[in-house]
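If you read the sequences in order, they're chains W and H. 167 is the number of the first residue of the first sequence in this note's numbering; add one for each residue after it. 700 is the number of the first residue of the second sequence in this note's numbering; add one for each residue after it.
Honestly, the hints are just simulated from the structure, not real lab data. Each residue gets a CB set at the ideal place from its N, CA and C atoms; glycine is no exception. Accuracy of the hints is not assured; some may be wrong.
[Unchecked claim] Over the 10 Å line for every Cβ pair with chain H, so calculated as not near, a few chain W residues:
(1) 167
(2) 176
(3) 190
(4) 215
(5) 217
(6) 218
(7) 226
(8) 244
(9) 260
(10) 261
(11) 270
(12) 272
[Said to hold, decoys possible] Dumping the calculated DSS-like pairs for lysine-lysine here, alpha-carbon to alpha-carbon at most 30 Å:
(13) 925/H - 748/H
(14) 256/W - 872/H
(15) 898/H - 738/H
(16) 776/H - 883/H
(17) 262/W - 925/H
(18) 776/H - 870/H
(19) 898/H - 256/W
(20) 262/W - 230/W
(21) 925/H - 831/H
(22) 883/H - 831/H
(23) 758/H - 898/H
(24) 870/H - 883/H
(25) 831/H - 720/H
(26) 230/W - 213/W
(27) 941/H - 747/H
(28) 776/H - 758/H
(29) 898/H - 870/H
(30) 230/W - 831/H
(31) 870/H - 262/W
(32) 831/H - 930/H
(33) 941/H - 776/H
(34) 256/W - 883/H
(35) 930/H - 230/W
(36) 925/H - 738/H
(37) 883/H - 230/W
(38) 898/H - 230/W
(39) 827/H - 941/H
(40) 776/H - 230/W
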Amino acid sequence: MYNTGKVVLGIIVFVLIFSSPFLINMSGDTSGMPEMTVPEGECLYPKDEMRANHMDILNTWRDKVVREDIRYTEINGEQVEMSLSHTCMKCHESRKEFCNVCHAYMEVNPYCWDCHVDPDDHKPTMTIDEEAAMEAAAKECALKEEEKAIQESLEINAEEEK
Amino acid sequence: MKRRDFITATALAAAFGLAGKPVYNVLASKDALASKTGKRLAMVIDLKKFEGNSEMMNKCVDACHSMHNVPDIEGAKEEVKWIWPEPFEHAFLEQNNQFIPENIQNNPILIMCNHCDNPPCVGVCPPKATWKRAEDGVVMMDWHRCIGCRYCMAACPYGSRSFNWRDPRPKIKNITANFPTRSKGVVEKCTFCDERIVKGLEPACVVASKMYEPEAMVFGDLNDDKSNIRKILSENYSIRRKPELSTQPEVYYLI
Numbered sequence: 167m168y169n170t171g172k173v174v175l176g177i178i179v180f181v182l183i184f185s186s187p188f189l190i191n192m193s194g195d196t197s198g199m200p201e202m203t204v205p206e207g208e209c210l211y212p213k214d215e216m217r218a219n220h221m222d223i224l225n226t227w228r229d230k231v232v233r234e235d236i237r238y239t240e241i242n243g244e245q246v247e248m249s250l251s252h253t254c255m256k257c258h259e260s261r262k263e264f265c266n267v268c269h270a271y272m273e274v275n276p277y278c279w280d281c282h283v284d285p286d287d288h289k290p291t292m293t294i295d296e297e298a299a300m301e302a303a304a305k306e307c308a309l310k311e312e313e314k315a316i317q318e319s320l321e322i323n324a325e326e327e328k
Numbered sequence: 700m701k702r703r704d705f706i707t708a709t710a711l712a713a714a715f716g717l718a719g720k721p722v723y724n725v726l727a728s729k730d731a732l733a734s735k736t737g738k739r740l741a742m743v744i745d746l747k748k749f750e751g752n753s754e755m756m757n758k759c760v761d762a763c764h765s766m767h768n769v770p771d772i773e774g775a776k777e778e779v780k781w782i783w784p785e786p787f788e789h790a791f792l793e794q795n796n797q798f799i800p801e802n803i804q805n806n807p808i809l810i811m812c813n814h815c816d817n818p819p820c821v822g823v824c825p826p827k828a829t830w831k832r833a834e835d836g837v838v839m840m841d842w843h844r845c846i847g848c849r850y851c852m853a854a855c856p857y858g859s860r861s862f863n864w865r866d867p868r869p870k871i872k873n874i875t876a877n878f879p880t881r882s883k884g885v886v887e888k889c890t891f892c893d894e895r896i897v898k899g900l901e902p903a904c905v906v907a908s909k910m911y912e913p914e915a916m917v918f919g920d921l922n923d924d925k926s927n928i929r930k931i932l933s934e935n936y937s938i939r940r941k942p943e944l945s946t947q948p949e950v951y952y953l954i
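Work out the full structure: start from the sequences and follow the hints.
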């Protein structure tokens, strides 16, 4: 082989450049890792599983809720609503301080919040209780109508009796 | 086998191969069967009770649009709507006879997605982002999956669907946090308040109308022969929008 020295040197330089990111990472310096504020208490799944699979869990939830109309699932013997806004963000209150920190570090741009409402911007305006109250008001109105009809028929009866 | 017989047999086999499946599909229509199992949710709108009560009509529209983060965009091309009033001659074009009573002619009609039994929008959707739910007949949408091709808008004979030509967020007056908005390039429409019926609640427009009139809008299951909606339909003559297209719309109007 001609120019053996140069060729071998070239191969070594190429391999070093090619593997440089891995070599740098092997040094164990993780100072660039983001720090997130994690709420106290237990998450639905262990931390490592959530870290690795939260996107798959959310996708499964999405398909179950939207396409199969199944809203609840059982995790550790508890009924959990499969909802990003109602379940996850109940503990992880801020998108800016939780989701975005890691997503920015990993350079991923999920489009969840293009449609789902960012809890940093808007707090829920109508709780389930308020909805129920609205419902009760409507029912009361219907009852009143019924009463009115009954009263009217009574009045008509009274007039006829006269 | 004679040459003539062979050619005839080949031609018949080819014809059956080409036309057999479509003909079988038409004869054994699955859509017609789908409505007989499970629930068949429908709505009755009593037009008499809406006469001269534009306040009630506006309340129904507002209740729906504010609850579902529907943007308020002006102009026929870009507007987004789930439920809205339309003049009689638009809503019931083929029924707009001469000399019909003035109160019917001049009264706007509340229209929305008809949740057809045989929905033309469903068949044309390439990613199956819209489909008819077998369990209750709601024509659902998966906004995650919509690619914005607008085939469904072309297919819908009722104009029930709207397209988001731009990001709707800035045009929503008050964002309701527990319901998502849509993004640019997505089609949207009424879903019979699927998020409410799963909790056993009635659609928002029905609840809003009940604040004024108890039975201006009635929502129920047509497959339940004891339901109020069946009682009303059997006691009153009802009309539907464009029934001649055999889409089997599930919103009935009492005139």
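Okay, the hints, checked on the actual structure:
The claim that residue 167/W is not at the interface with chain H holds, since no C-beta of that chain comes within 10 Å of its own (minimum 56 Å). Every CB of chain H is more than 10 Å from the CB of residue 176/W (nearest about 49 Å), matching its label as outside the interface. At the 10 Å boundary, the C-beta of residue 190/W stays outside the reach of chain H, the nearest C-beta of that chain being 38 Å off. The Cβ of residue 215/W sits about 23 Å from the closest Cβ of chain H, beyond the 10 Å cut-off, so the non-interface label holds.
Remark: the non-interface label on residue 217/W is consistent with the geometry, its nearest Cβ contact in chain H lying 23 Å away (cut-off 10 Å). Every CB of chain H is more than 10 Å from the CB of residue 218/W (nearest about 22 Å), matching its label as outside the interface. Listed as outside the interface, residue 226/W is consistent with that label: its C-beta sits roughly 13 Å from the nearest C-beta of chain H, beyond the 10 Å cut-off. In this structure residue 244/W is separated from chain H by more than 10 Å, as the shortest Cβ-Cβ distance comes to about 19 Å.
Distance to chain H confirms residue 260/W as a non-interface residue, since its nearest Cβ pair spans about 14 Å, more than 10 Å. No beta-carbon of chain H is positioned within 10 Å of the beta-carbon of residue 261/W; the least distance is around 12 Å. No Cβ of chain H comes within 10 Å of the Cβ of residue 270/W; the nearest lies about 21 Å off, and the non-interface call holds. The Cβ of residue 272/W lies farther than 10 Å from every Cβ of chain H, with a closest approach of about 21 Å, so its non-interface assignment holds.
In summary, the hint linking residue 925/H to residue 748/H is supported, as the alpha carbons are separated by about 23 Å, within the 30 Å threshold. Pair hint residue 256/W plus residue 872/H holds up; C-alpha atoms about 25 Å apart against a cutoff of 30 Å. At most 30 Å may separate the alpha-carbon atoms for a hinted pair to count; residue 898/H and residue 738/H meet this at roughly 15 Å. For the suggested pair residue 776/H and residue 883/H, the alpha carbons sit about 15 Å apart, so the restraint of at most 30 Å is met.
For the given pair, residue 262/W sits about 52 Å from residue 925/H by alpha-carbon distance, which is inconsistent with the 30 Å threshold. Restraint check: the Cα-Cα separation between residue 776/H and residue 870/H comes to about 15 Å, which is no more than 30 Å; the hinted pair holds. Between residue 898/H and residue 256/W the alpha-carbon distance is near 20 Å, which keeps this suggested pair within the 30 Å criterion. With a C-alpha separation of about 27 Å, the suggested pair residue 262/W and residue 230/W falls inside the 30 Å cut-off, and the hint holds.
The straight-line distance between the Cα atoms of residue 925/H and residue 831/H is roughly 24 Å, inside the 30 Å bound, and the hint therefore holds. Our distance criterion of 30 Å between C-alpha atoms is met by residue 883/H and residue 831/H, whose separation comes to about 24 Å. For the given pair, residue 758/H sits about 22 Å from residue 898/H by alpha-carbon distance, which is consistent with the 30 Å threshold. The hinted pair formed by residue 870/H and residue 883/H meets the criterion: a straight-line CA distance of about 12 Å does not exceed 30 Å.
Between residue 831/H and residue 720/H, the direct Cα distance comes to roughly 23 Å. Compliance with the 30 Å bound is thereby established for this hinted pair. Distance restraint check for residue 230/W and residue 213/W: the Cα-Cα separation of roughly 23 Å lies within the 30 Å cut-off, and the hinted pair is therefore satisfied. Between the alpha carbons of residue 941/H and residue 747/H the distance comes to roughly 20 Å, so the proposed pair stays at or under 30 Å and holds. Taking the CA atoms of residue 776/H and residue 758/H, the gap is near 24 Å; set against the 30 Å cutoff, the hint holds.
Straight-line distance between C-alpha atoms of residue 898/H and residue 870/H comes to about 29 Å, which keeps the hinted pair within the 30 Å bound. Restraint check for residue 230/W and residue 831/H: the C-alpha separation of about 16 Å stays at or below 30 Å, so the hint holds. For the hint linking residue 870/H to residue 262/W, the alpha-carbon distance of about 24 Å falls within 30 Å, and the restraint holds. Taking the CA atoms of residue 831/H and residue 930/H, the gap is about 25 Å. The hint holds against a cut of 30 Å.
With a C-alpha separation of about 23 Å, the suggested pairing of residue 941/H with residue 776/H holds against the 30 Å cut-off. Using a Cα cut-off of 30 Å, the hinted pair residue 256/W and residue 883/H holds, with the two alpha carbons roughly 27 Å apart. Of the supplied pair hints, the one linking residue 930/H and residue 230/W is violated, its CA atoms being roughly 35 Å apart against a limit of 30 Å. Proposed proximity of residue 925/H and residue 738/H is supported: the alpha carbons are some 13 Å apart, at most 30 Å.
For the hint pairing residue 883/H with residue 230/W, the CA-to-CA distance comes to about 24 Å; that is within 30 Å, so the pair holds. Under the criterion of a C-alpha separation no larger than 30 Å, the hint pairing residue 898/H with residue 230/W is consistent with the structure, at around 16 Å. Taken as a hint, the residue 827/H and residue 941/H pair is honoured in the structure, with Cα atoms around 25 Å apart against an allowance of 30 Å. Restraint check: the Cα-Cα separation between residue 776/H and residue 230/W comes to about 34 Å, which exceeds 30 Å; the hinted pair is violated.
Going down the numbered hints, you'll see the structure goes against 17, 35, 40, while the others check out.
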